[in-house]
Each structure stands twice: as structure tokens, then as C-alpha cells.
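For chain A, the structure is supplied; the task is to place chains B, C and D with the ligands on it using the hints.
Same order as they appear, the protein sequences are chains A, B, C and D. Residue 1 is where the first sequence starts when you use this note's numbering, and the numbers rise one by one after that. Residue 1001 is where the second sequence starts when you use this note's numbering, and the numbers rise one by one after that. Residue 2001 is where the third sequence starts when you use this note's numbering, and the numbers rise one by one after that. Residue 3001 is where the fourth sequence starts when you use this note's numbering, and the numbers rise one by one after that.
Calculated from the structure, these hints are not laboratory results. Check each hint, because a few of them may be wrong.
As the list claims (entries may be wrong) - Label pairs and their calculated CB-CB ranges: (1) C:E2373 to D:R3236: 32 to 40 Å; (2) B:P1005 to C:E2373: 20 to 28 Å; (3) B:S1094 to C:E2170: 55 to 63 Å; (4) C:N2270 to D:D3026: 28 to 36 Å; (5) D:K3123 to C:E2162: 34 to 42 Å; (6) B:Q1085 to C:E2022: 29 to 37 Å; (7) C:E2022 to D:R3110: 37 to 45 Å; (8) C:P2358 to D:Q3258: 33 to 41 Å.
Claimed, not checked - Simulated pairs of lysine-lysine, DSS-like, Cα-Cα distance not exceeding 27 Å: (9) D:K3093 to C:K2114; (10) D:K3114 to C:K2114; (11) D:K3114 to C:K2093; (12) D:K3141 to D:K3093.
Every residue, glycine too, gets a C-beta built ideally from N, C-alpha and C.
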Amino acid sequence: MSDDPYSPLVRKHFANTAHCGDLAGAVAVNIDEQGIRLRLSATVNMGHIQSLRFRAWGCPHVIAACEWFCSHYEGEPGESLSGFQASDIMCNLSVPVEKTGRILVLEDAVRSLGQRLGGGSAP
Amino acid sequence: MSDDPYSPLVRKHFANTAHCGDLAGAVAVNIDEQGIRLRLSATVNMGHIQSLRFRAWGCPHVIAACEWFCSHYEGEPGESLSGFQASDIMCNLSVPVEKTGRILVLEDAVRSLGQRLGGGSAP
Amino acid sequence: MAQDFIYLDYAASTPVDPRVAECMRDCRESGYANPSSNHIAGRVSRANIERAAEQLAALLNVDPATLIWTSGATESDNLGIAGAARFRSHRGKHLVTLLTEHKAVTDVFRMLEKQGFEVTWLKPEDDGRLDPAAFAAALRKDTQLASIMYVNNEMGVMQDIEAIGSICREHDVLFHVDAAQAVGKVPIDLQALPVDLLSLTAHKFYGPKGIGALYIADRPGCHVEPILFGGGQQQRIRPGTLPADLIAGLGLAAEIAQPRIDTDHDHLKNLRRRLWAGIQGIEGVLVNGNIESGFPGILNVSVEDVEGESLLLELEPICVATGSACNSKSQEPSYVLRALGRSDLLAQSAIRFSMGRPTTEHEVELAARRYREAVARLRDLATAAAP
Amino acid sequence: MAQDFIYLDYAASTPVDPRVAECMRDCRESGYANPSSNHIAGRVSRANIERAAEQLAALLNVDPATLIWTSGATESDNLGIAGAARFRSHRGKHLVTLLTEHKAVTDVFRMLEKQGFEVTWLKPEDDGRLDPAAFAAALRKDTQLASIMYVNNEMGVMQDIEAIGSICREHDVLFHVDAAQAVGKVPIDLQALPVDLLSLTAHKFYGPKGIGALYIADRPGCHVEPILFGGGQQQRIRPGTLPADLIAGLGLAAEIAQPRIDTDHDHLKNLRRRLWAGIQGIEGVLVNGNIESGFPGILNVSVEDVEGESLLLELEPICVATGSACNSKSQEPSYVLRALGRSDLLAQSAIRFSMGRPTTEHEVELAARRYREAVARLRDLATAAAP
Ligand SMILES: Cc1ncc(COP(=O)(O)O)c(C=O)c1O
Ligand SMILES: Cc1ncc(COP(=O)(O)O)c(C=O)c1O
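Chain A extracted, bound-state conformation (with noise of 0.2 Å):
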């Protein structure tokens, strides 16, 4: 329907969050802000990541954006994550501009994970 709030992404990775959870012998980052809870866990090897897991207390853009998030960078180098933009997210999902706060909230969190994996180095 043209005014649905929320795109079919959102609507996919809402419904079906199958990286929501935690990881044994994970690094994890814990954030709270902006009435936004969030926790992302990760698990490297050889530089690169294994697993990611998120649990979210939020609306469906923060929850569906962790589940985007785990699910696109699985595989990625450690690194990778410093170059994570909100803004991608934003642009994929198609978030309305007045979350951007939320997102962002998860921005942080992503970085802050990536330093905690000693691959990132901040900007």
C-alpha cells in the first residue's frame, strides 16, 4: 500500500530475526540511549567475523536494522565494520528521516564493536 509505514525489508527483517540472540565466547557492546536498547554480539576468526547477534528493545526500524545488520556483515572483515553509515541503512530500509536518531544509535553501537574486535580504528 503506497503510505505503509513500514517498506518490505523492514517488514521482512521485522518478522523474521533470525540473528537475534547471544553468542558464547562473544565480544558484545551494550548501548542504551534514546530509548533505544541494544546489544550486538560478534564472534571473529581470522580477521574476519563468524556470527553476529543483536537483541533490541526498540521499534521495528531499530529491530529490523540489527537483523540487516547481522545478516550483511557475517563473512565481513573485522574492519569492515568502521565503514558501517547509518545512512545505508537508512537509504536500504528506507527509514523515515525522523528515526535517523535511532539509527544512529545503532551507528554507534556497530563501531563501538568494531573497536572492541581491535580491527577498527576510529576515524
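Same frame as chain A, now just chains B, C and D with the ligands:
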């Protein structure tokens, strides 16, 4: 219909103005007041009104009132005209109150016709 | 119910096009939810409204976002005029309008006068038309808003909206147009026409009653203060649950009208010609307005020595209007015709025939014959009584 | 279109009863004329309106002449409140209302505050009810008008209109009641209830959208100034062509409602009991409002540790509201629930289930199950993220 501005009797007398016209050798009064123009003519025989005719320029209630008057007073004694009351017409024809003035014009005409016929005495 | 009357009062209201009625029924069945609701059902209603906005926008050649839904032209006129006058009141309080506007316009200006605005009331020429030069002369430094109607509802007189609008633009005066009688009937291209605010109502062009719109141009300085207060619907300009079915009906009525404006116009022109041919021979009959330049759906005639109310009754079952429908209940002669200099006597005898898409040649010919006969009979009734 | 959703948003709007739809269609076919027109066709429209006035008058036990047609409760609230406040402003400028009123009420009072009126905003008890004693304490010598709603649209809370109205009568204060959620659903006898002005809208009781009414008691000192200006329709209180078909629809909806108010009420009570039974076991769930005394068509619940927008999406295709429909588009927690002292976190998780005549036990049971599952899933998604 509930709010027909014209009662069935008004509709009937307006549609069928059998007494519209003039009478040869009749006594007549003309009146021109309140935007109404009326002419009543009467012939008398042995103190009784033989024939009545009217001419009128006015709204449907005025025209129907003239017709009603003519059809009710033929055959009546000449004096009866002095007893003619606008309120009878208002009531019989269900004339809306805001038209009282117009029917009073007819009352004036009828009364002066009565006086002209000689039978009437001013009340 | 079988129709036992001949309807020649399309300027007062039109029947709903059957396709519009069906569209509204469909909308009500699938889209009964509140269009403000944030769920699937609400989105169905919202989609119906969006489609309608596009349809109406196409008819007027505007952006759908410039359209505000209202309950009809009366509310649109109130919102457009009072809303814009108040919005601009810090710049100046002088307003300009025409004496022959619809009551939904004149009464708003009267109310604004009481609230400290100053109104210049222009008198049209004897044929009802406003001379753009006279309009220009009325503008002042502190003039903020002018309102001039497109097609006059009593006489069909059409104003030169383009010329008047251009003058407004030159003087930075907002220009409101009451187009209740024009939309769907005469071509209106708001990209080309210099109009800032435009009022319309669906029931004058085969849409439903109870729904209208106000166009608000997307130009700097062109805005209205709300006159109703409530939920945040419609950019906070007009609150209330949107009647998605009525709006869809308005939209479809606009879509149906668009391609047939020219053929409708020719049809009406033919009808008016025949009607006029049938009555112009009557002694003492004359046209109110201007038959050459006026909108052909309306023919307003006065006749000497005939009482208007009796004429109307005698014409039954032909449904026509005396003055405009809004004033029909009062017995007073039309203020519009008096503004044109008609005597009270001629004004009170005025009959407005207004024709529409379903009107047939047979109907107007019958109406003309009945009119001739009615005039003759009433004159006969009055003959000797004439002083 | 087949319904692919379960509609539990009857407080936002109801589907039109098929008999009402049919009545409107009939009206449109025979009575499309402008009801102000003084001819046979106009009288058909007028007769339809008169019948509707009698039907609505019977439901409320009033004289049909006390009813003014409007475009909906929003306009009725505006006309009743602003119109009466202005009419009485020479006597005093103090007004009283409730923080938890609908926006169509609160926004009118806010506007009046800007125009020099003084408003006392009462805070209800935590269960949403206004203590009549607190109301009485707010009245002053210069209080002219109070407005208190009958049934709250978000929570179903019912106010003690009789007690509050009696206090108003004692103090010669006009009493306006927004009964948009009550008319056709709870018995209202305006001969017995001390109410001066009452707003209603047809689409909340299976009538059409875009039509409502304002009751104005025939009592000395009880009158409103118009807020729209135009033709002389409706005793000069509200201008504009009357949509006879919509009015007829409203009238029939009232007539249909009258004899079944009790059975409808029992039906809703049963549904709400089942719905609540299905969700009351969830940890951290709580009712907004008062389940014993509230209108049974509405159940509003908040739940701890769940995000409201995600909850709403997870409940799809069950159509429910967050807050009231009018605020659904904004993401802010309901001002009504905050006025009751709910934390932002609890207020934002609030879901309003509202049921109607067509609602089935199966639907509410399904809704309860989906609600339980949704809460469980969203809590699971958030588990370890909880700080
Ligand atoms: C020129 C004009 N303006 C405004 C209106 C008011 O329209 P509505 O009664 O639909 O509000 C009408 C018709 O009644 C009209 O003809
Ligand atoms: C209590 C209350 N008042 C007023 C309104 C406004 O009604 P409408 O949108 O039909 O004008 C509503 C519904 O939206 C309501 O629930």
C-alpha cells in the same frame, strides 16, 4: 408532503380559479396595497349576492383566498360581507402568519365591497 | 421512487453520478476504518483519500498536497477567507469582494468587518460582470485579500478570473475564488490561473453532498489560520475524521468531469438556446446576467407584471429556483439581482433555470411552454386588477 | 474486497450498517435536490431530514428542533464550546474542562485561552474518573461553561454526567458533553440528564462519516454564536447545503441503535471479559481506565518492557489503536494516559482494543492469543538487552 408551504385547499383554489373575471354591471372595488393588487366585483339580487368575481396580482395564498371568498359568499346576504374576517381565511386555508398583512388587504377589499353594496355598515 | 418532477435546479445541487455512488459504496465496505489509524484498515481508507486527491489535483492541475478537505464550499469559503485574512492581518486589514457573491462569502466578510477588518464591496456592471479596472482601482497598500467568484450561482455570470488574479499578483494581494459553480464545468488550470485559494463543493458536479475542498497555493505568504480546532489531521489546518467515502466520491466525480467538460458545455449551450428560444418572445421578459458570456448551464429570467411565488407554483412540477436556493425560503427578492439595479418588482419575478448533464431537449422545451402558459395565466388573473 | 484483517478499532470508526447504506442510497436517488429549495424535489430532501431529526430526537429524548447538523463531533465540539463561550462571554470568561478530553475539545479551549478566556484544566483520578466534588470546587462566580466527555475514547472511562450536570445547573454554568463515544451505545435521556449542549458523530455508531449533530437545549441563556457563516440554513446557526442522505443515514443509525443498546452492551461486556481473561495473566500487564465502571466496548492495556510500535506491528493483521486514532500518526505517548500519571514507558506501550456489534468471540480470543505471543516475542528479542 409534511412541509408543503401550500395546504391542499390553497392548491385547489389556486389551480382552479373559476371566479376569476369581471362582471358586467357589477359593483366593484379595486385595492392596491402591500404589493397586492385586487379587484372584487359583485352583482346583487334581492339583497343576496348573485355573483362574485376577482382579479388579483399576488402570491398563491392571496389568489386562493380570493377564489375561496368568491365561492363561499355567492348566494349569501349582502350584509354578510361586513362580517368577513381575515382570520377565517387564515385558518381555513392554513395561511402562514407572516402573510397576515396580505389577507387583511383582502378583508379591507371585502368590507368596502360590502359597504358599496349598501348592505354593510361600518362596524 | 419514480420522479414526478422535472428537475431544472442543477445549480442548487446535482444527483450523484451512479459510478460515484458505487465507488462510495465500495469504499465504505473496504475502507470504513478511520484514515488516521495506523493499521492496515486505516491505510486502505488513506489510500482511497490519496487517490481522490490525485483525481481532483488532475482536474485543477495542482499538487495533491495543496488540497484541504472540508464539508463543502461554505466551509471552504469560510476557511479560505477568514483564515487567510487573519493569517495576513498583521500586514493590513483591507479586503475586497463583490456584492453579488454567495452568502458563504458575503457573510464571512460581514463577520470580518465586525472583527475590525475593512471591506470594499464592489458593485458589478448591470450584466453582473466586474470590470477588472474597477477592481484594480479598489486595491490599496493595505489590501491583503480579495475574493471574487468564478461563476455566479444565480445568473451564471462569469468573471474574468485571469485578469483579476493578475492584478492581485501585481499588488501582492491574496486571491480567493469561490468556484463552487465552476469546478467540473469550466476548465480550470491553476498552474496558469493566478489564484491562491479556491473553494469547491462536490454536489455541484455530480458528487456527494457534505464534502468539498479548499485549494491553498504553495506560495510564500499564502496560508490560512484554521477555523476549526482538534486533531492533527490535514496539516493541522482542518481537523476531524476524514470521510474517506465522500472524498473518494468527490475524486471520482472530478475524474469523470475532466474529459467531458467541453461536451457538457456544448450540451448545456444547446439546451439554454432552446429554452431561451421558447421564452424570449414573451412580452416583458428579460435575462438577468449576460447570455453571451455567461455559463450556459444557467438561465435567469425576470418578467414584468408577474408575481414570482405564484409563478413558481404555477410552474410545478418543474423544479426551478427563485434567486439562489439558499435564499429561496425567504420571500425577499434576491440581493444579487438588486445589486445589479433590478427593481424589486422585476427581481421578485426572477426564475433561475439550471440545467445539467441529464437534462433533455424535451425537458427544456416543456419548461419553456409551461413558463409561457404560466405567465399568460397569471397575467390573465391580474388583468383588470392592474392599476 | 475480502477483509484480510481483524478489526478491533470500533472506537475510531465503525462500518456503516447495511440498512443505513441502503437508506442513504434511496435518499440520494429520490432526494438529491437541495433541501433549501422551495420546490417538490427540495421538499423530498427536506422530508428525509425531518424524519432523521425525529429519529435522533427519539434516541436522545429531545425535541427535533434542538438538533443542529454538523460535519461531525469535531465541528459540534467547536460550535458548542466556542459558540457558547462567546455567547456568554459578556457574563464571564471562566471555563472548565478535563485534561483527558478529546483534542476536538482541548484544542478549542486552548484557542479560547489565546482569545482571553481563562480555562481550568481538571486532572482526573488515576482511573480516569472525575470526582464531581473536585469539579464543583473548580467552579467560580464567573464560570460560564464546562465541558466533560461522556465516554473517553482512549480508555472507555465514563464520567458521572448526571452529578456533574446537576452541579452546573446549581451554578448556572452551561454544560457541554462530548458524547461522540456514547451516543447509540449508552442510554442518554436528555429530558432527565442536566446537559445543555451535546456533541455526537454518526460514524461511531454505524452511521456515515462526515455528519454529526449538536444538541442545544431550549433553555434561557443556552445558545451558541455561529462559527461558520453563510446562508440562512439551520436557524442561522450552521450554514451550508445539508447532506440529506448523510443525515438520513445518521437518523436511521440512531433508530437502529435505540432498541438494542442493552443487548449491544451485554455483547460487548462478554467480549471484553473474554479478551481480558486472555491477557490478564501476562506479567506486567495493566488496564488503563477502570474495567468495572468503564464502557465495555473499550479495553486499553499497557504492558511493561515492550515497545509500543513494534507491538502494534507484531499484532498485525489485528487492527487496534495506540492511544486514540487522532494521535496515532504521532509517535508520542498519549497525553491522556500521561494525564493519568502513567510513565512514558507504560503509556507508549498502550494498546486500545475496541469492539463493536460485528465482533465475535473468536476474534477477541485470537486477539488475546496474538497479544500474548507478541509480548513474549518482543520481550525475547530484548531480553539480554535489558539493562
Ligand atoms: C457560488 C457558491 N458558493 C458556495 C456555495 C455553498 O456550497 P455548500 O452549500 O456545498 O457549502 C454554493 C452553493 O450552495 C454556491 O453556489
Ligand atoms: C470523544 C470524541 N470526540 C470527538 C471526536 C471527533 O469526531 P469526528 O472525527 O467525527 O469529528 C471523536 C472521534 O474521533 C471522539 O472519540
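Comparing the hints with the structure gives:
1. C:E2373 to D:R3236: 32 to 40 Å: holds (38 Å)
2. B:P1005 to C:E2373: 20 to 28 Å: holds (22 Å)
3. B:S1094 to C:E2170: 55 to 63 Å: With a Cβ separation near 59 Å, S1094 (chain B) and E2170 (chain C) satisfy 55 to 63 Å, so the hint holds.
4. C:N2270 to D:D3026: 28 to 36 Å: holds (32 Å)
5. D:K3123 to C:E2162: 34 to 42 Å: Since the Cβ atoms of K3123 (chain D) and E2162 (chain C) sit about 57 Å apart, the hinted range of 34 to 42 Å is violated.
6. B:Q1085 to C:E2022: 29 to 37 Å: violated (58 Å)
7. C:E2022 to D:R3110: 37 to 45 Å: holds (42 Å)
8. C:P2358 to D:Q3258: 33 to 41 Å: holds (38 Å)
9. D:K3093 to C:K2114: Holds - the C-alpha atoms of K2114 (chain C) and K3093 (chain D) are around 20 Å apart, at most 27 Å.
10. D:K3114 to C:K2114: holds (19 Å)
11. D:K3114 to C:K2093: holds (20 Å)
12. D:K3141 to D:K3093: With a Cα-Cα distance of about 10 Å, the restraint between K3141 (chain D) and K3093 (chain D) holds, given a limit of 27 Å.
Violated hints, in rising order: 5, 6; the structure is consistent with all others.
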